[in-house]
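Heads up: the protein sequence lines correspond to chains L and U, in order. Following our numbering, the numbering of the first sequence begins with 338 at its first residue and continues without gaps. Following our numbering, the numbering of the second sequence begins with 338 at its first residue and continues without gaps.
If you are wondering where the hints come from, they were derived from the structure by calculation, not from laboratory data. These figures come from a predicted structure and were not determined experimentally. Any given hint could be a false lead.
Because identical chains cannot be distinguished in the list, a pair is counted as satisfied if it fits within a single copy or across any two copies.
[Said to hold, decoys possible] Distance condition first, Cα-Cα at most 25 Å in a straight line; then the derived DMTMM-like pairs of lysine to aspartate or glutamate: (1) K369 with D359; (2) K402 with E357; (3) K373 with E438; (4) K369 with E422; (5) K426 with D381; (6) K407 with E438; (7) K393 with E438; (8) K373 with D359; (9) K353 with E422; (10) K393 with D359; (11) K437 with E405.
Protein chains: 2
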Amino acid sequence: MAQIPDALQAAPDVYKLLMENDRVRVLDVRVKPGQKTKLHSHPDRVVYVLSDHRLKFTSADGQNKELELKTGQVLWIEAGEHTTENTGKTDARNLAVELKE
Amino acid sequence: MAQIPDALQAAPDVYKLLMENDRVRVLDVRVKPGQKTKLHSHPDRVVYVLSDHRLKFTSADGQNKELELKTGQVLWIEAGEHTTENTGKTDARNLAVELKE
Chain L
338 MAQIPDALQA APDVYKLLME NDRVRVLDVR VKPGQKTKLH SHPDRVVYVL SDHRLKFTSA
398 DGQNKELELK TGQVLWIEAG EHTTENTGKT DARNLAVELK E
Chain U
338 MAQIPDALQA APDVYKLLME NDRVRVLDVR VKPGQKTKLH SHPDRVVYVL SDHRLKFTSA
398 DGQNKELELK TGQVLWIEAG EHTTENTGKT DARNLAVELK E
């Protein structure tokens, strides 16, 4: 099976690189209502929610999880692969601080 | 010399704990105009700026650095000790993602 691409490679329209060094990579994440990314991978990361929105994450085996997110919320998300879809009516905006090791 | 306290211990009115695990600690940082913290320490961290503001950082030896920060800016700041003072006219608001290792 082909390797699953990184978020920045898979969806450069959604993920923008804000900063990178040998410890972290910081991404600005913006998903419009109805927009859906290709399958991509992330390392362990902190996500800080910058707008109220709804996102659906679907893994390669079809399992999905829908989250209703509120501005100011903080999530810890372990490394994994998924598609990301904005299933709400508002622009989704998050900050992702990905950890390297 | 006494150990320099951690940010949360030194200035609980400025730093609020949003999330913590074995990899990171995430802090909400709010400093009012004219407010100044006691000397405190931080580990290496990512700072994401949540409001336009001006902060002055002063180290134990009196050296200082004043920053004009803009909403959406990202900083990487290495571990160190300082006081933090809001020398501007606007509330200062930042997100700090501190790395453990």
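Checked hints:
no.: 1; hint: K369 with D359; in the structure: neither (31 Å within a copy, 33 Å between copies)
no.: 2; hint: K402 with E357; in the structure: between (29 Å within a copy, 23 Å between copies)
no.: 3; hint: K373 with E438; in the structure: neither (29 Å within a copy, 35 Å between copies)
no.: 4; hint: K369 with E422; in the structure: within (9 Å within a copy, 38 Å between copies)
no.: 5; hint: K426 with D381; in the structure: neither (28 Å within a copy, 37 Å between copies)
no.: 6; hint: K407 with E438; in the structure: neither (29 Å within a copy, 29 Å between copies)
no.: 7; hint: K393 with E438; in the structure: neither (27 Å within a copy, 32 Å between copies)
no.: 8; hint: K373 with D359; in the structure: neither (29 Å within a copy, 32 Å between copies)
no.: 9; hint: K353 with E422; in the structure: within (17 Å within a copy, 31 Å between copies)
no.: 10; hint: K393 with D359; in the structure: neither (30 Å within a copy, 27 Å between copies)
no.: 11; hint: K437 with E405; in the structure: neither (27 Å within a copy, 29 Å between copies)
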